Each structure stands twice: as C-alpha cells, then as structure tokens.
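Residue numbers (our numbering), protein chains in the order written: chain A, 1 to 131; chain B, 1 to 182.
Derived by calculation from the structure, the hints in this document are not laboratory data. This one's a predicted model, so the numbers in the text were calculated from it and none came from an experiment. Note that beta-carbon positions come from the ideal geometry of N, C-alpha and C, so glycine has one too. One or more hints might be untrue.
Using C-beta positions, here's what the derived DEER-type ranges look like [what the hints assert, rightly or not]:
1) B:136 with A:70: 25 to 33 Å
2) B:85 with A:92: 47 to 55 Å
3) B:150 with A:64: 24 to 32 Å
4) A:119 with B:87: 40 to 48 Å
5) A:88 with B:65: 20 to 28 Å
6) A:70 with B:21: 35 to 43 Å
In silico contact screen, one side only, chain A against chain B (beta carbon under 10 Å); selected entries [claimed, not checked]:
7) 53
8) 68
9) 88
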Amino acid sequence: MTKIKSLADLRKLKDEVQSKIQLREKGDHPENLVHIKVSMATCGIASGAKETMNYLVEELDHQGIDAVVTQTGCMGYCYAEPTIEVLIPGKESVVYGFVDKVKAQEIIEKHIKLNELVDGIIPANYKTLED
Amino acid sequence: MTELSLHILDIAQNSIRAKSSLVEIYIRENPEKDCYKLKIKDNGIGMDEETLNKVTDPFFTSRSTRKVGLGIPMLKQNTEQCGGSFLIESTPGGGTTLVATFGYRHIDRPILGDIAGTMLILLANENDTDILYRHQTLQGEFNFDSREIKNILGGVPLVTKEIRQFLKSMILENLEQIQISE
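Just chain A, same shape as in the assembly:
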C-alpha cells in the first residue's frame, strides 16, 4: 500500500524544489515570462474555463515552457467564454475567445512558440487611426 502524502512530505519536497528554483531563477524575472490570464467568473466557469486552465498549465509544464497562468475576472465577453488573454513581454496583449483544449493547443503551438496570431481573436484593445 502506498503511503498517503502528508505535510511532512511537503516539507521534504520543498527543500528539493527550492534548490532547483535557485539554480533556475537567475535572470528569470516574472515580467519577462509569458503570462496567460484565464477569465474565470460564473460565465467562464460554466463554459469550461477550468478545463482550459488545467490544460494550459499541464501542457506548458509538459513542454517545459516557462509561463505564468493566472485567473482573472469576467472581461465582458461572456458570449465567447472561455476567454484567455495572452501577454508576451514587449508585445500587445491578445484576447482569444472560445478557447477549448484544441484552441488552447493551437495558441501554445502557434502564438506562444512561433509568435503567429491564431483565429479567434477578440479585438479587445480596439484602436483607431488617431490613437
């Protein structure tokens, strides 16, 4: 029978992780990382934002891409939930709508890795010529 994980095990794990992080962290500031915000209010949750978020976290982990995935409130695009906002340092943020697992995969492969925009962008920061 396997032992059930307890807080004591967490203490051990912490020491391991801590040394790893110290190795990695040099020059690795959060503001230089790709940041993905998943809209997670009632509308998002009901449309499956939780699955999308879990998928993004797992897939980025799996591929070893350093990125921060956080939750955010309702952005007002309830018709297009789940929505995510992708912020790449030094670039304008992009909001995508109807992000299921397939779309999330596409965004990781194309937008985050290759910097190509993918279909499904919501023109959130709409700008006119005068701006």
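Please arrange chain B on chain A, whose structure you already have, making use of the hints.
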C-alpha cells in the same frame, strides 16, 4: 454547472473579490440524516441588507462588465431542486456566510467533481487570500489549510510544477481515505 466543485470555485471567487483574507469552505456529508451540506464563510467586506436581498436575483451583479450575475442564483436553484435549502448571511464589514444543503440521496445532487483542481486555482489567487477546506464524512475528516502550506513552503511559490502536483495528489489521496471519489 454540473459539479459542486465548480460552484465552490465560483462562490469562493466572490469572497476573494470581497477582499477576504481567509475563505473557509466546509463540506459535511451525512447520509444517515440524508444531508449534504456546503458552507462557505469569508471575512471580506460583506454586504448591506439591500444588496443581500438582491444577490439571489439572476440579474444582479456588482460587476460592470456585464449585467447578469447568475453565480449565487444557480447554486440556490440547484439546492432547491435537490430537496435542500439555501441561506446567505452578511453584514457590512463582517464578512459573508453561505450555507447550501442538498438531499444526500437526491438523484440530482451534483457530484463533487474536480475539487483538487478548484483548490489549486483558488490557491493561486492574486489577492493572496488564504483558503481553508474541511471535508467531513462519517468515515472521518480532511483538513486543508493554505496558511499551513505557505508556512511550510516559506518563499517557494505554490505554482511550481512539483508543488502543484504534490498538492493535487495529497488532496485526492486524503479524500479517498474518507471515501470520497470523483
């Protein structure tokens, strides 16, 4: 929403938005009394009576991005469809407490669902709100306190891959001990 964990995620986000420093989530299962009780208590800014009277209205929200709220009314509807009851209490500055009960054996009672995922998402909230989760069944109880976890972790971020995976399996294994499975 078909899973209780989604409701919890949704309601606890209200607490986080209400500037709580601690959100307490209690689930008590009692098949003998045919009762499944969810209680969410926060120490946030609370609501005045006028607001409190409106929270179960689907078309009320404090957000400016949309005109419907729906989170609380959907939970209320769910409890009522399952032979349960719904209660919410709040005082300005005194936090908010919400109690939702379901008939334990009611066929429409939502399953708990991915509670570990809900906890991990809540733990990574931007306001650094602490989360306490206590789940009681006739077989025992499981306590999960983010203050304890943060204490042990020191400065190591909760969102680290290894820590996240550890916490997830810790929650699932412990819940299994008191016989809760997804």
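Fill in: Verdict for residue 136 of chain B, residue 70 of chain A (Cβ pair) under range 25 to 33 Å
Distance hint for residue 136 of chain B, residue 70 of chain A holds at roughly 31 Å.
Worksheet item: Quick one, is the residue 53 of chain A hint okay against chain B at 10 Å, beta carbons?
Response: 6 Å, holds
Discussion item. Let's test the interface hint: is any C-beta of chain B closer than 10 Å to that of residue 88 of chain A?
Written reply: 19 Å, violated
Discussion item. Tell me if the beta carbons of residue 150 of chain B and residue 64 of chain A are separated by a distance inside 24 to 32 Å.
Written reply: 26 Å, holds
Discussion item. 35 to 43 Å was suggested as the range; check whether the CB atoms of residue 70 of chain A and residue 21 of chain B agree with it.
Written reply: 19 Å Cβ-Cβ, so the 35 to 43 Å window is violated.
Worksheet item: Lying within 40 to 48 Å: is that true of the beta-carbon distance residue 119 of chain A to residue 87 of chain B?
Response: 46 Å, holds
Worksheet item: Taking 10 Å as the limit, does the beta-carbon of residue 68 of chain A come near enough to a beta-carbon in chain B?
Response: 7 Å, holds
Item to complete: Starting from the hint 20 to 28 Å, judge whether the C-beta atoms of residue 88 of chain A and residue 65 of chain B obey it.
Response: With Cβ atoms ~24 Å apart, the hint holds.
Item to complete: Take a look at whether the Cβ-Cβ distance between residue 85 of chain B and residue 92 of chain A falls inside 47 to 55 Å.
Response: 49 Å, holds
When the structure is compared with the earlier hints, violations turn up for hints 6, 9 and for no others.
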